[in-house]
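There are 2 protein chains.
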Amino acid sequence: MSILVVGSVALDTVETPFNRDEEVLGGAASFFATAASLYSQVNLVAIVGSDFPEEHLAFLRSRPINLDGLQIQEGRTFRWTGRYHLDMNSRDTLDTQLGVYAGFHPVLPGSYLTSDLLFLANIQPELQLEVLQAAPRARLTVLDTMELWIVTAREKLTEVMKRVDVLLMSEEEVRQYTGCASIFAGVRELFALGLKYVIVKQGSYGALLFGTDGTYFSAPSYPLEEVSDPTGAGDAFAGGFLGYLSTVAPQADGRYAADDLKRAVVHGNLIGSFACEDFSIARLRTLTVDEIAERYQRLVEYSHFDDGWHTRSSM
Amino acid sequence: MSILVVGSVALDTVETPFNRDEEVLGGAASFFATAASLYSQVNLVAIVGSDFPEEHLAFLRSRPINLDGLQIQEGRTFRWTGRYHLDMNSRDTLDTQLGVYAGFHPVLPGSYLTSDLLFLANIQPELQLEVLQAAPRARLTVLDTMELWIVTAREKLTEVMKRVDVLLMSEEEVRQYTGCASIFAGVRELFALGLKYVIVKQGSYGALLFGTDGTYFSAPSYPLEEVSDPTGAGDAFAGGFLGYLSTVAPQADGRYAADDLKRAVVHGNLIGSFACEDFSIARLRTLTVDEIAERYQRLVEYSHFDDGWHTRSSM
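Line by line, the protein sequences give chains A and B.
The opening residue of the first sequence carries number 1 in my numbering; numbering runs sequentially from there.
The opening residue of the second sequence carries number 1 in my numbering; numbering runs sequentially from there.
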């Protein structure tokens with residue numbers, strides 16, 4: 001099984017109220033690939049400049065990550081600088097330097113065309129569309145996006161939404177895109193576009209899974225005492241979600257079993273929680289499958305309750 | 001088993017973006033008693049004015065609610081007027097008329113002194129303290145409060161906190177009282193006061209249960225398509241929580257089993273969700289134990305996931 005991802009590989013400078021880290025490995029595709037490569041092979045489509053540090057390439061090569069689709073072009077790597085507020089739930093983008101991403105067009109090596117799962121990280125909808133058209137055989141396509149594209153490229157984004165199976169959005173993004181105050185009403189509008197599943201990310205509150213088949217699942221978040229750096233948590237969520245799905249087979253009708261989709265959302269939350277524990281991909285690069293399994297078990301203890309309660313004679 | 005509650009009985013005027021209801025039965029003790037009386041007998045301590053409608057008294061009498069501790073005094077009943085914002089998560093208090101509450105001192109009839117459980121709804125900490133001192137034999141004491149008392153009566157409130165077992169607080173109230181950005185750090189400060197359990201209410205995101213014995217439980221919220229009126233949801237939560245606990249016995253050491261406390265928080269969330277479905281106590285007064293059991297079962301389906309996931313050979 002293999003997972004194709006298209007997205008950014010970047011150098012991030014991140015300020016939190018307690019720390020600052022400069023020009024570390026960042027970008028949605030980096031977080032996603034680091035996370036998903038814990039489960040299966042990842043086929044990466046991205047671009048970096050000639051200034052991209054060799055150590056990052058060496059790290060990516062050390063994982064089951066295929067870099068045939070990573071373009072290395074004369075020029076500067078994409079750079080992002082952000083600052084988190086005291087509550088770590090909101091941030092300001094201080095600087096964005098597109099560098100070589102300005103003229104980027106994804107090229108899919110032949111070996112990528114049989115990728116089983118496809119993740120379109122939050123780059124321009126036009127580029128997402130190019131990749132969708134070039135890799136039409138994936139059994140599940142998953143789309144992420146961001147406020148910028150909802151505001152500046154709504155039409156193209158809608159075109160992409162109409163062609164994928166699963167959409168990842170934060171609560172605020174659902175409200176922003178649909179104009180609905182109610183998440184339930186918003187998700188119904190999204191379903192009208194043809195999506196099969198919508199996953200509504202609720203930050204430190206967990207995530208909700210909605211399916212056109214009536215699936216509804218509220219996944220608890222893993223409790224973290226302290227968040228070091230939430231950058232990339234959403235991409236790590238996607239890595240856990242698709243990573244888990246890459247380890248199971250869909251049913252005869254081509255759909256994944258509801259239980260597997262639930263487990264996948266739980267993996268998403270868990271991997272997202274690990275991502276927050278350190279800057280950049282620092283925690284994800286040391287993460288082991290045993291650590292995921294241990295946290296999975298703890299989340300069961302933290303969130304499950306007696307499933308057999310019924311009225312008693314005393315009532 | 002019986003549950004003593006002291007709190008407000010009021011006439012509420014509530015505006016939402018879609019509706020308005022005038023001078024309906026409100027007040028923390030009304031919501032709590034209506035909810036908790038689905039499980040056990042409630043001993044009500046409160047005051048109303050001579051203008052308090054007979055129909056409300058008739059309703060309270062129609063339930064297993066003991067009104068011996070309800071003072072009816074010449075004057076006006078407490079009135080509250082509030083308006084909800086479009087998202088229904090925040091509201092403005094437009095008017096508060098204390099009426100007979102201005103000179104209120106709770107008096108506990110002898111028949112109340114053997115109450116097994118005690119709920120101090122969000123009235124002035126001084127009055128909460130009076131009731132605590134008058135009813136020292138309860139096996140579990142639960143305290144609710146509100147921003148007003150954190151700001152204006154912090155010292156007295158702290159005195160009450162030091163004498164009860166369980167504290168109910170919203171996330172914002174925990175941050176406000178402790179000054180901690182992290183809920184985990186905040187709860188540790190609260191435990192230092194001697195509390196055994198803290199329940200952190202997260203509105204539409206559910207609730208967290210923390211215990212000094214290491215208990216941690218994240219209770220999912222019951223998903224509501226639409227919220228008619230969130231007034232009283234917190235008091236209904238307390239009614240479900242204490243109501244459920246009134247149907248089970250504590251362990252030999254006097255503490256409730258962790259599984260029972262978890263179920264109790266789930267009941268709190270469920271009863272809170274019912275309260276939001278209509279104005280005033282309208283939904284709670286028609287609620288049946290079978291409806292609670294049905295919603296309980298659905299919440300299991302909505303939130304539980306495979307509890308046996310472990311690493312597989314394919315990973």
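Treat each hint with caution, since some may be false.
[Unchecked claim] Listed next, the in silico DSBU-like pairs over lysine-lysine satisfying Cα-Cα at most 35 Å (straight line):
hint, chain 1, residue 1, chain 2, residue 2
1, B, K162, A, K262
2, B, K196, B, K156
3, B, K156, B, K262
4, B, K262, B, K162
5, A, K262, B, K262
6, B, K196, B, K162
7, B, K262, A, K196
8, A, K262, A, K196
9, A, K156, A, K196
FYI, nobody ran anything at the bench for these hints, they're computed from the structure.
Do the hints match the structure? See the list:
Taking the CA atoms of K162 of chain B and K262 of chain A, the gap is about 42 Å. The hint is violated against a cut of 35 Å. Straight-line distance between C-alpha atoms of K196 of chain B and K156 of chain B comes to about 19 Å, which keeps the hinted pair within the 35 Å bound. A distance of roughly 30 Å separates the Cα atoms of K156 of chain B and K262 of chain B; the hinted pair therefore holds under the 35 Å criterion. Distance restraint check for K262 of chain B and K162 of chain B: the Cα-Cα separation of roughly 23 Å lies within the 35 Å cut-off, and the hinted pair is therefore satisfied.
Distance check on the hinted pair: K262 of chain A and K262 of chain B sit about 22 Å apart at the alpha-carbon level, within 35 Å; holds. Distance hint between K196 of chain B and K162 of chain B is fulfilled; the C-alpha atoms sit about 10 Å from each other, no more than 35 Å. Taking the CA atoms of K262 of chain B and K196 of chain A, the gap is about 34 Å. The hint holds against a cut of 35 Å. Restraint check for K262 of chain A and K196 of chain A: the C-alpha separation of about 14 Å stays at or below 35 Å, so the hint holds.
For the proposed pair K156 of chain A and K196 of chain A, the alpha carbon gap of about 19 Å is at most 35 Å, so the pair holds.
Checked against the numbered hints given earlier, this structure breaks only hint 1.
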